Amino acid sequence: MSFIPCDTSMIALVDCNDFYASCERVFDPRLIGRPVGVLSNNDGCIIARSAELKAMNIEMGTPLFQIQALERKGCIALRSSNYALYGDLSARVMQILDEFSPGVERYSIDEAFLDLAGMQSPEEICRQIVHKVPVYTGIPVSVGAAPSKTLAKVASHLAKKQAGRKGICVFHSANDPELINWLNTLAIEHIWGIGKRLGRKLRQHGIETALQLREADHNWLKRHFSVPVKRTAMELNGTNCLTLDDTPDPRQNIMCSRSFQKATNSLTDLKEAIRFHAQTACQKLRKQNGLAQAILVSVRTNSHRFEPQHKEARAWALPVASDDSALIIRYAQEQLEQIWQPGFRYRKAGVMLLDIIPWRPMQLGLFEHQQKEKKDQEHKRRNLMHTLDKLNDRIGRDAIGFGLSREQADWKMKMAYRSPRYTTCWNEIPVVKAN
DNA sequence: CTGGGGTCCT
DNA sequence: AGGACCC
-6 MSFIPCDTSM IALVDCNDFY ASCERVFDPR LIGRPVGVLS NNDGCIIARS
44 AELKAMNIEM GTPLFQIQAL ERKGCIALRS SNYALYGDLS ARVMQILDEF
94 SPGVERYSID EAFLDLAGMQ SPEEICRQIV HKVPVYTGIP VSVGAAPSKT
144 LAKVASHLAK KQAGRKGICV FHSANDPELI NWLNTLAIEH IWGIGKRLGR
194 KLRQHGIETA LQLREADHNW LKRHFSVPVK RTAMELNGTN CLTLDDTPDP
244 RQNIMCSRSF QKATNSLTDL KEAIRFHAQT ACQKLRKQNG LAQAILVSVR
294 TNSHRFEPQH KEARAWALPV ASDDSALIIR YAQEQLEQIW QPGFRYRKAG
344 VMLLDIIPWR PMQLGLFEHQ QKEKKDQEHK RRNLMHTLDK LNDRIGRDAI
394 GFGLSREQAD WKMKMAYRSP RYTTCWNEIP VVKAN
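The numbers in this note's numbering rise by one with no breaks, and the one at position 240 of the first sequence is 233.
Think of the hints as simulated: they come from the structure by calculation, not from any bench.
Only a predicted model underlies this, so the values are computations on that prediction, with no experimental measurement involved.
Just so you know, even glycine gets a beta-carbon here, dropped at the ideal spot from N, CA and C.
Be careful, since some hints might not be right.
Okay, derived cross-link-like pairs now, PhoX-like style, lysine-lysine, Cα gap no bigger than 20 Å in a straight line [said to hold, decoys possible]:
no. : residue 1 : residue 2
1   : K255      : K125
2   : K280      : K304
3   : K341      : K405
4   : K280      : K264
5   : K159      : K189
6   : K373      : K280
7   : K405      : K264
8   : K341      : K280
9   : K154      : K47
10  : K255      : K341
11  : K189      : K215
12  : K264      : K153
13  : K255      : K304
14  : K264      : K407
15  : K264      : K304
16  : K405      : K255
17  : K153      : K47
18  : K125      : K159
19  : K125      : K153
Pairwise CB distance ranges (calculated) [what the hints assert, rightly or not]:
no. : residue 1 : residue 2 : range
20  : K189      : Q364      : 53 to 61 Å
21  : A319      : P22       : 40 to 48 Å
22  : L384      : H303      : 32 to 40 Å
With these hints in hand, go ahead and build the complete structure from the sequences.
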């Protein structure tokens, strides 16, 4: 066996296979080999499918009601999305990937880019990844590697699609004949970064395949389309323009919003939803050691329906940068009262924390006796928030919070098919029976 | 009946 | 601010 050493750029994309469906299988082996579908929030539509479900031609976005009969007959298995579980298994996968390269960019919950530049044999590393990740986590993965991110995406596609490759596809050069062959048949809108709209526009100019895009004049692309399209073309040529970002900046905005299982006009319901979202957002804020300088509260009706529509969002600067749940909840609810109007069936509400800055001690006033008092208050408040976060981390989100929380409120999500939070919640941990 | 949460660019 | 794209 001979390994080709690699001295130019080489980026691998590790992609978990049918991630959400695979996660559900890790703790429920009865699902192995069966068609499995995972539903969006509110059990609205299919957002992830196992290979078997794909083979039944059940598409992404299929509404639940269209497949509910199949589920009842036992032909397919459905699960509500269980992000606590997926997030935890994702972290386990990423932890293993860190062993293979000092440069790992977590691109999404189920994908990561690895910098393999200068490594002895990319093929061998890919083989080890594809072997080790499922052994340690139960999640199958495939890997594509090439000189640029965009080409790594293409390679990863082939790694999944062509059975003979065993989940691995490596292109050392952008001029690999096999790669060129494939680019020649790859439709323009299937390239990473080219969506429906750009695809249509490119086709109008006669550019229909990935190969045609990379051979087009780059300055012309920049002029007639945009910088990103030009970059995509260069990436397809093997020029690495999208740098690997293994230390992303902390978020500048944090958004929490959700649609309700039933539309509501009740201000009490909406206030409760806003309380919940503000609280969740603040938890995320504290996790990244940030302070929000402004908040935005939004409500909207269901635009899919023919009925009176109201959609409004209002931003408000906070008097001081803060990460205090109680304070932010209060402001958010005040905002809500300003934008809420009687007579509309609201379907969604949300809170966004804006202009986030790194945490710093609270700015104090002019008078010393006040300073001491305020400092103590601030200290107590931070302790409280810290304890709150720790408890909620252990017991489950919203286990402890502010104000009144009703278990069965209509504004909450529908999650009729949810699996247990096997790994992140003490009272849902799996029980092993032995005799 | 048909998701949520991002980023980047113009 | 809004559009386009991504998972």
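Quick rundown of the hints versus the structure:
no.	hint	in the structure
1	K255 with K125	44 Å, violated
2	K280 with K304	30 Å, violated
3	K341 with K405	10 Å, holds
4	K280 with K264	24 Å, violated
5	K159 with K189	31 Å, violated
6	K373 with K280	18 Å, holds
7	K405 with K264	12 Å, holds
8	K341 with K280	25 Å, violated
9	K154 with K47	13 Å, holds
10	K255 with K341	10 Å, holds
11	K189 with K215	18 Å, holds
12	K264 with K153	46 Å, violated
13	K255 with K304	17 Å, holds
14	K264 with K407	19 Å, holds
15	K264 with K304	16 Å, holds
16	K405 with K255	8 Å, holds
17	K153 with K47	14 Å, holds
18	K125 with K159	14 Å, holds
19	K125 with K153	17 Å, holds
20	K189 with Q364: 53 to 61 Å	58 Å, holds
21	A319 with P22: 40 to 48 Å	45 Å, holds
22	L384 with H303: 32 to 40 Å	37 Å, holds
In this structure, the earlier hints numbered 1, 2, 4, 5, 8 and 12 are contradicted, and the remaining ones agree with it.
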